[in-house]
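Colleague: Top line first, the protein sequences correspond to chains A and B. Residue numbers for the first sequence follow this note's numbering, beginning at 7 and rising by one. Residue numbers for the second sequence follow this note's numbering, beginning at 538 and rising by one.
Hints were generated in silico from the structure; no laboratory data involved. Any given hint could turn out to be false.
[Stated by the list, open to error] Label pairs and their calculated CB-CB ranges:
{"no.": "1", "chain 1": "A", "residue 1": "PRO322", "chain 2": "B", "residue 2": "LYS638", "range": "36 to 44 Å"}
{"no.": "2", "chain 1": "B", "residue 1": "LYS638", "chain 2": "A", "residue 2": "LYS527", "range": "47 to 55 Å"}
{"no.": "3", "chain 1": "B", "residue 1": "GLY595", "chain 2": "A", "residue 2": "PRO641", "range": "28 to 36 Å"}
{"no.": "4", "chain 1": "B", "residue 1": "GLY623", "chain 2": "A", "residue 2": "GLY664", "range": "56 to 64 Å"}
All C-beta atoms in this analysis are idealised placements derived from N, C-alpha and C, irrespective of residue type, glycine included.
Read off the chains here:
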Amino acid sequence: MIRRGLRAGALIAALAAGAQAYYHFVHFVSRQGPFTPIPEKFDLDALLNKTVFFIVSETGPAAVASGDSIEAIGSQLRLAAKAWNDVATSDLRLAFGGFAQPGAFQSSPVVEVVFDEVPPGLVAAGGVTARGTVTNGPNGPFIPIQRSTVILRRDLTERPSWTEALFLTMVHELGHGLGLQHTMTSSAMSTEITRAMTKASPLSPDDVAGISLLYPSAGYLASTGTITGRVAIGAEAVNLASVVALSPDGSAISTLTNPDGTFLLQGLPPGSYYLYAHPLPPQLSGESFPANITPPSDLEGRTIPASGAFDTVFYPGVKDSALATIVTVGAGTQVDGINFDVRRRAAPAIYAVQTYSYPGSVAVKPAVLNTYGGRNYFIAAGVGLTTASGVTPGLRMGVIGGSAVVAPGSIRPYPSDARYITADFNLAPFPGEGSKHLVFQSSDDIYVLPGGFRIVNRTPPVITSISPDVDQAGNRVLRVSGTGLMSDTRVLFDGAVATTRSFNETTGLVVNAPAAMPGHKATVVALNRDGQSSLFLQGNQPPTFDLEATETPAFTVTPNLLTAGTETMVEILGTGTNFQSGQVALAFGSADAVVRRLWVTGPNRIVANVVVASNATQGGLMVTVASGLRTTGLPNGIQVNQGNRATIRGAVVEAGSGRPDVVPGSVAQAQIAGLGAESGQVQATLNGNPLQSANLAGGVLTFTVPTGTPAGPAPLRVRVNSEELPPVAVSVDLPPPSIAGVFSGGTRIDATRPARPGEVIMVLVAGVGDIGGEVAASRLKVQVDGQSLTVLQAGQTSEGNYNVQVQLDASLTAGTHSLTVAVDARVSPALSLPVR
Amino acid sequence: MDDMIQKSTEIVRGRVMTLGVSTKGSILYTLARVEVLERWKGASAQTVEVWIPGGRSGNLRQTFSGAPALAVGSEYVLFLWAGASGNRQVIGFSQGAFDVKLDAKGNLQVQRAASKETMLDERGADVGDAPVRMSLGELRQKLKASLGPMQGSLE
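The following block holds chain B by itself, in its conformation from the complex:
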C-alpha cells in the first residue's frame, strides 16, 4: 500500500453520485462522478471524475478485463492517478478501490481482497498484493504516517 500511496496523485473517500460515458478515440470510458467526503492527498475539490475504460453507449458495449466497477451510491476509498491528460484513473484498476462499509459494531471498515490483475513493479516483476481489511481510523493513521501532517486535509 505504501507504493500506492506514493504513486497516487489523489486519495479520497467518496460516494459515487453518477455514472456517465465518454469516448477517447474508439474507446468508451465510464465516467464516475464521485462526491468527496474526505481527502488525504491532492488538490481540494468537492467532486472528482474518475475515468474507467469500458462502458455502454446505446448498443455499443465495451469491456476491458480487470477494469473496476463502481456502483452509484456506494462509498469507496479511491487511490487515484492522473497523467498528462489530467484524467483521473484508479491505480492498478481494482487495486486502488477499497469498499467502505459498516461493520457489525457500526464502525466504518475499508476492505479489499488481494488483487489479481496484472500487477508489476518498476522492473516488471510481480508484486505480491495482500488483501486489506482495516477500520477507516486505521487507514487514516496509515495515510497520515505515510504522507505526513502537511499532505492530507482531513475532514
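Pulled out of the complex, with its shape left as it was, chain A reads as follows:
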C-alpha cells in the first residue's frame, strides 16, 4: 500500500501543482472539472518580507470590561496573530501594522480589524473581503486575497480580554482572514462548539497543516506524507465529505473531498494513522452552508454544494476503530487508494459534541483528565447524545489509542442538566500526555471527536503572588510564585509574554515585566506547555498586577515626509520609551507603508527602513510604536506624497551571497530604481564615510564596505548625477562565526571518533563576538542537515569563544552530516560531522 518516494522530485512537483488538504476557500475552473483546486490566498510575492499586516481601525472598542483596557485587548490581538506568525512550516508572516486613521485606503494586501456592532451571541466575524483574479504561482494557480476583514465586537464590557474564549476567537477569525475555512478536527479553525484548543496551545496540527499547505515553506511537502483516495455512495461521488487522519498520539489532520469524491490529504507528519470519512453536520436554518463552510465554486461564482449525509466509517468501511486498517506514511511518500464506499443516511445521528471538565470551579473545555488523581470524569453535550428521557438508548463511547477507557455503565445524564451526559474514565498506566480522540456510537452510526479530551500529568498552574524585586545587576524584575509553574511556563501580562530570567522549583519564576503605560493594571496568566493555564483554576478571578511606569513615552519621526514608491531610512527618537531589541514593532497604519527592517540602537532610538508603495494614497499616517503593553501613537506622524524619485529598492546585500548583512571589507550591492538611466555619476557615503569604490552599472550600485564600519545600521546616502536618493540603512554585521570543533565528553568528534545518534555534543564556536556570558538560546541555532536542534546549554569560554551543547537526533543515520551554527542571522560555514 505504501509507495515509497519514487521519483521524489516529480512527486513533490505534482503535489505542488494541486496542493490541497485541510480546506481552504476553493475554486475550480468549471463545475465539470478538472477538479484542481484554486485556493484563495495572499500572494507572497506581492508582500514585503512575505508579511501581511493586520491593521486595526483607530476607532477601537467603545467599551471594555471592568479593569480592562484597550492596550490589553490590542496585546491579545497581537498574541493571537503571533500564533499564526510563528508557524515555522508556513512562509506567511503576520505582523501588527498599526492603527488606520479614518478614511485610510489600503492598496496593498491587508488584514483589517474593525470594531463594530456585533449582535448578542457573537463576539467576532472574519472573512475575505476583496480578491483578485486567478494568478499563477509557484505552487499552482490561486486567487490572491487583497483584503480580509475581522469584525470584533465594539462593546466588550462582557468580554474580558484575558479569557481563553476571546483569545481563541481572535485566532479563529484571523485564520479565516488568512484563507482557512472551518474544519472538523477540534482545531482553532473548528467552530466554537468542538474547538479543543487552549490559550497555552492555540493551534492544532490541522491548523498548522492548513496554513502550511497554503503557504508552504521550502521542504514542507517533502517532509510530510500524503494520502489520496475517494469517497462515494455506490457510483455517486460525495462532494465535501470530511476525511480525517487520526494519529493515536492525538493529532488529527483533515481535508474535504472534491466534487468527484477524490481527496488529497497532505501535510501528514510521518507516522501511522486511522482514517475515517464523515459528512458535514446538517445546515442550520439561516446558515449559508453546512458547517458554515463555503463550498467550492467555479470561476463564475456558482457553488458546488455538499452532498448529503452518510454513515461515518473508518477505513476500510468499518464502524469499530479496533477493526480499522492503520495507514502509515513517510516523509515525501504518498499512499493511494484509500477509498470509502459509504452508505447514505438522512442525517448523522450524533454531531456537534463538546466536552468539559472541572479541575476546579471553572468549566474547562475540552475536558482535561489527569494522571495525578482527582476528578476523572467529564461532561459532554451534543446533538444525539440525549433524548427527552435521558441518555440516548444504546449510546456508547470509546477512546482511540488505548490511553483510557470509559468505565462500563458510567454514561449517565448530568445531574444538574439532563441535556448533558457525564461519564467516568479509567486511565491506562502511563497513558501519555496530550489530546485523545473519542468515538461516540449510537445504534447505527458513529461520531468521532478528535481531541475530545486531554490527558495531563500535572496540576494546572496557579499564580499566588507577583512581587517586584531587583536582580544582582540592579535591574527591576518580578517574582511570580505559585504552584504548577515550570521552567518553561510562559507568564502573560495581558497579551504580552514576560521574558523569563530564571526558575526555581520552590520560589517560582523571575521575569522581566513587559513595558507598559503608567497606571496599567495587567491580568497575569501562566501558560504551561501541556496546554493548561492558570485560568483553569483562576478563571473567575485571575490575579492582576500594577505595572510600573513613571513616564509617558513620546517620540518624533525623521524624516516625516516620505515619497510613494521609495524606501527611506526613518529615525525614531523618543523620551521615556525604553525600547528593547526584539520587542518593538513600528507601524504606520497602512499596508502601503511598511517596515522592511528595524534596528533598536538604544532605549530611545529606533532606525528603520520604510517602504512606501508606489500607489500609496497621499496624506497623513498614524505612526505607532508598540512594545509589550505600551502602544504609543503619533497621528499624522508621517506624510506620504506623490513623486517620481529614484530610490534604492530592496535590502542592501553582500555581493555573491545575497546576505542582507554586510561585513566590513566586503562588497555590497543595492538595486536602484527610478533612474532615467542605468548608470551615471555616483557619489555615496556610508555612515558618513565617502565610498570611493561606489559604482553604478545596470541599475546596480556596488561598493566596498569600509573597514572599521561599526556593526549596526549604517546610513547609505547616494547621489546619482544631480539626484539625491532617499537614504537607507545598511545592516553592517560582524563576520560569520565558525565551528572550531565538536566534542563529546572532552573528546574531539572526527572520523576516528564519529558522533553517535542521540549523543550530547559540545560545539565550540569562534567568531561569535561578545554577545554576553549568558547567551539566550534563542540567539543561537545549531542545525544538522538543516534541522534545528534544541540548544541545551551555551556559554562563553575564557578565550572568548562559545560552547554550545546540543543533543543529536536519535534517528540520525550513519554517514557524514552538515553541521552549522547561526548566531542571530550569521551562519557559520558548514562542518562535516561524521556519524557512525
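Based on the hints, put chain B in the right spot on chain A.
Modeller: For chain B alone, kept in the frame of chain A given last:
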C-alpha cells in the same frame, strides 16, 4: 432561548421580500427587507431591514463565516437586535433565525438545529445551544410566557 428573547430588541415572523446591499466602511452588508407577518417584541412596523455582514456588489464578493443567509420568499422567525446605530442584525447570526415551514399535517413549524458558531455567555464561557423544533403555536406561547401579555402584539 430565554436569553435570546430577553436580548432581542425585536422578535418577528416575516417573509423576505428583497435582498439588497449596502456598505459600511470597507464592509459589504446584505440588506434583507422583511415583511412582518407577526410581531412579538419591538416597535410596530410593517417591514424591517436586516443587516447581514457580507454580500456581493458587482465583482466584489465578501464572505463572513457564520453570517446567516436569508432567501427571498422564505419565511422566518427572527430574533433581532439593534445597537446604537439602529441597524438590525440577527442575534448570534444563525442562532436567531428560525425556519418557518409547513409540516405534513399542514401546521406551521419553526425549527433550527444547534448553532455552531461562536456562542458565548456574558463571562465568555460557552453556551450549550440546543436544536429547536416546535409548532408556531408553541413558540407563541413560549414568547408570551417570557415577554408577558403587554409586550407582544400578536396578529
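Colleague: Give a verdict on every hint.
Modeller: Against the structure, the hints come out as follows:
1. PRO322(A) - LYS638(B): 36 to 44 Å: holds (39 Å)
2. LYS638(B) - LYS527(A): 47 to 55 Å: Roughly 52 Å apart at Cβ, these two residues keep to the hinted range, so it holds.
3. GLY595(B) - PRO641(A): 28 to 36 Å: holds (34 Å)
4. GLY623(B) - GLY664(A): 56 to 64 Å: Taking Cβ atoms as reference, GLY623(B) and GLY664(A) lie about 57 Å apart, which means the hint holds.
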